[in-house]
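Colleague: Now for the letters of each chain:
Number of protein chains: 2
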Amino acid sequence: MDSKINKSALDCIMTRTSVRSYSDKEISRETVETILRAAMAAPSAMNKQPWHFFVIRGEQLRDTIADTLEYGRQSLRNAKMAVVVAGDRSRFFEDVEAVDYWLEDCSAAAENLLLAAHALGLGAVWCGVYPIPGRIAQLRKATGLSGEFVPMCIIPLGYPAGVEEPKDKWDPDKVTYLD
Amino acid sequence: MDSKINKSALDCIMTRTSVRSYSDKEISRETVETILRAAMAAPSAMNKQPWHFFVIRGEQLRDTIADTLEYGRQSLRNAKMAVVVAGDRSRFFEDVEAVDYWLEDCSAAAENLLLAAHALGLGAVWCGVYPIPGRIAQLRKATGLSGEFVPMCIIPLGYPAGVEEPKDKWDPDKVTYLD
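Taken in order, these protein sequences are the chains called L and P. Here the first sequence is numbered in the working numbering, starting from 1 and rising by one per residue. Here the second sequence is numbered in the working numbering, starting from 1 and rising by one per residue.
Heads up, some of the hints might be wrong.
Intra- or inter-copy, both count: the list cannot distinguish identical chains.
No farther apart than 20 angstroms at their CA atoms in a straight line, the calculated lysine to any residue pairs in the SDA-like style are these [as the list claims (entries may be wrong)]:
id : residue 1 : residue 2
1  : Lys7      : Gly121
2  : Lys7      : Thr17
3  : Lys174    : Phe92
4  : Lys80     : Tyr177
5  : Lys7      : Glu33
6  : Lys141    : Thr176
7  : Lys174    : Thr34
8  : Lys80     : Ala161
9  : Lys167    : Thr15
10 : Lys7      : Ile27
11 : Lys141    : Thr34
12 : Lys169    : Asp11
13 : Lys167    : Arg91
Rather than coming from a laboratory, the hints here were simulated on the basis of the structure. Here the structure is a predicted model, which is why all the values come from computation and not from measurement.
Can you build the whole structure from these sequences, using the hints too?
Modeller: Written as structure tokens, this is what we have:
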């Protein structure tokens with residue numbers, strides 16, 4: 001096998017799964033910065049980096065969000081923190097045909113964030129917000145997020161309370177070879 | 001440092017960068033399957049897995065795509081293969097308010113694919129297709145992709161011809177702490 005192969009990174013990708021129950025262990029500032037650095041290492045169309053990360057550490061605000069949002073409540077309540085991955089409108093494409101690239105870029109950043117969390121021993125779950133108008137409004141209301149930002153998802157984070165088995169989603173029928 | 005920390009996965013995330021020039025080294029079938037497995041390990045809203053992967057190995061088809069598509073031509077021409085990450089409409093949400101989740105799910109899958117490629121020593125670049133109508137039409141024309149699938153991006157792949165330095169995109173101004 002090629003010595004350049006990073007089996008450990010492949011293992012991280014293959015074993016990441018949604019974690020919704022967390023222990024009481026605190027998350028250090030250093031760990032938070034590491035996962036945000038990973039998120040910002042994502043690719044983006046024309047390198048616009050149209051993302052912004054709102055880090056929610058206070059229990060009270062987390063509870064307010066859990067009370068307001070129709071989804072992810074249980075995870076938010078027992079998480080140690082949460083990150084809202086949002087699009088930054090000032091960095092969107094002006095061309096209306098290209099504007100949705102922000103959603104792809106922020107999704108790549110969110111996936112990097114989840115993988116980095118898993119690599120650091122944390123558990124996390126991507127709770128979808130955008131494009132559901134009700135959820136966007138609920139999250140705006142709970143956090144006071146300005147119109148400049150579009151909340152894409154909220155990711156509760158914490159050290160896993162248990163052991164989660166990853167799903168096997170491999171499906172060769174989802175591959176077509178064109179030659 | 002916690003022994004559970006997977007530094008190697010973090011390193012993969014932080015050092016991945018767009019690679020547009022490739023060597024002549026062939027990519028094995030096993031390697032292709034590994035990167036597709038990684039792509040399918042991505043999370044998706046309600047576990048819909050609304051993705052499909054079109055693997056383009058033939059030089060002639062790659063050249064046809066490069067001739068037709070307005071973007072990514074040079075990379076496509078010298079790549080050993082390319083993967084089109086597409087949305088599978090049969091797996092989209094029926095609720096029109098939720099339909100755009102496919103784009104987030106396919107983007108997470110594309111990011112996994114790029115990271116797995118990098119972990120395996122390959123280079124790759126995310127060439128945006130969706131939402132640009134012209135590019136979608138061009139790629140459909142070149143590949144004969146049916147209307148059931150929405151091409152999101154095309155990713156040329158190959159072993160890097162040179163050494164690419166990753167960009168440092170860390171920007172603390174893109175983080176807001178809400179407590």
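Colleague: If you test the structure against every hint from before, which numbers come out violated?
Modeller: 11
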